[in-house]
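Undergrad: FYI, in this note's numbering the residues of the sequence shown are 9 to 474.
Incorrect hints may have been included.
The following label-pair restraints were derived from C-beta to C-beta distances [what the hints assert, rightly or not]:
hint, residue 1, residue 2, range
1, A262, L322, 55 to 61 Å
2, G223, V463, 34 to 40 Å
3, L215, V463, 39 to 45 Å
4, N291, E433, 19 to 25 Å
Source of the hints: derived by calculation from the structure; they are not laboratory data.
Just so it is clear, CB atoms sit at the ideal spot from N, CA and C, and this is done for glycine as well.
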Amino acid sequence: MENAGKQKHPKGLWLVNTAMTLQGYCGYAFSSIFILFLTADVSQNGLGLSVAKASSMIAIYSSICYLSSIVGGWITDNYLGIQKSLILACFVNAIGDIALFVVKPSVPNLWGCFSILVISSAFFKSQISQLVGSLYDKDDLTRKDAAYALFYSAINIGAFFGPIMAGLITDKWCAEISASGQILSYGYRYIFLINAVVIGIVGLIVLFGSPKLLGDVGKYPVNDRRKKAKEKKSEKSAHQPLTKLEKNRIFAMAILFIFVVLFWAAWFQTQMSFSILMKDLVNRTVGGFTIPVPWFVAYNSILCVVFGPIMAKLWIKLGNRKQGDLSIPTKMALGMILTASAFILLIVGLKTLNGVFDGSAKMNIVFVLIAYVALTVGELCISPIGMAMFNKLAPVRYGSLAMGAWYLSNCFANLISGKIAGLTESMGYIQIFATISIVLIIFALMLFVLRKGIVKLMALDEIGEA
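All chains, full assembly: derive it from the sequences and hints.
TA: Next up, the structure:
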């Protein structure tokens with residue numbers, strides 16, 4: 009499309025991005041305090057679990073949430089449609105958050121609440137991601153890439169404010185603080201109450217905004233036979249077996265899936281071992297103010313917002329070269345290298361403690377801030393690009409299911425990440441971070457070697473033929 013760059017985005021994109029910003033707020037407010045809540049002493053309104061048990065609990069819960077995206081995607085494609093799925097997800101999520109606020113903190117009670125949140129997760133993440141691509145024609149690649157960049161920025165705007173508010177609520181506004189300034193107990197449960205209100209608002213936005221801003225986009229199941237019966241051509245294509253081109257693309261997605269799992273397994277340390285590291289071994293006091301641990305997650309998010317447009321312009325500039333833009337596998341390999349460098353920087357910072365890891369010595373916060381820059385740029389080389397790629401390559405009739413597969417990578421990554429975080433108690437941060445760095449670098453080199461074969465399987469130049 010020659011004028012794609014000059015055309016405005018559909019109004020529905022702004023509804024999607026508003027909903028995603030608010031949902032991102034809720035998700036990151038929750039995740040930024042999750043391990044802190046589980047490991048804080050019972051007298052401090054926590055659950056009193058060990059780091060290993062807390063990491064395992066987070067990993068299992070998060071993995072089930074992402075795994076549920078596959079089931080939710082199939083139900084959405086065949087029975088509900090995206091719009092109804094999103095509305096259902098929001099109101100079920102609100103119920104789960106209210107339950108977390110009301111119940112007495114205990115492992116059985118939390119799993120009961122988590123089961124409600126798993127249901128909501130099944131009908132939100134992959135659906136809203138697929139909805140972005142559904143707003144555009146299949147071959148409108150330029151605007152679709154731009155749309156996913158905006159969508160990713162929307163996530164990170166919410167992800168910035170979520171941890172900022174979470175830190176203020178848990179450590180300041182709703183905390184019990186002694187006269188000397190020491191936190192006696194944290195206000196973790198109020199995070200859940202506020203999340204319930206916000207996600208309920210998201211449900212209302214989708215419910216009342218969809219008729220005008222989305223119209224029929226995502227309103228009906230893509231595989232609704234009653235609708236397909238009125239469109240014979242579409243019905244015929246819906247029941248055709250996968251073509252060789254589609255099979256090749258799915259194979260390419262499967263290969264990249266493995267590398268994405270490894271990346272997210274490393275990245276999810278920001279919500280596990282990083283949080284404990286920041287709490288115990290980093291000097292977080294700046295000008296007499298102690299930075300709440302959740303704010304580091306917000307720092308990552310605002311870096312995404314800042315660097316996102318810069319990276320997008322860089323890809324466009326590279327694309328205008330005679331040799332063209334970097335391939336998707338090359339960008340992902342670069343992202344893995346940058347992520348590895350973030351862990352190496354933290355190792356350098358930990359080395360300054362000279363083996364004293366009991367909390368009496370603190371590493372300079374500068375190491376953490378620079379590491380997060382490398383981690384964020386690495387993330388931007390993988391996550392938004394991979395999300396757009398799955399939308400482009402997936403057969404239309406399996407749209408939400410394919411995006412569920414993208415989030416399935418987070419399922420396996422969380423299981424691995426939880427196990428890794430649990431090992432920091434016995435093996436130490438330096439050994440764990442060094443292992444992560446080495447594995448990332450090795451697989452990045454493998455991906456770079458395989459890049460030409462993967463690009464051939466993807467056949468992006470034939471996207472309009474699928």
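Undergrad: Please go over all the hints and tell whether each is borne out by the structure.
TA: Hints, verified against the model:
In this structure the hint that A262 and L322 lie 55 to 61 Å apart at CB is violated, the actual value being about 28 Å. Distance hint check: the CB atoms of G223 and V463 are about 36 Å apart, consistent with the given range 34 to 40 Å. Taken as a hint, the range 39 to 45 Å holds for the pair L215 and V463, whose Cβ atoms sit roughly 42 Å apart. Between N291 and E433 the beta carbons are some 22 Å apart, a value that agrees with the proposed interval 19 to 25 Å.
Checked against the numbered hints above, the structure breaks only hint 1 and satisfies the rest.
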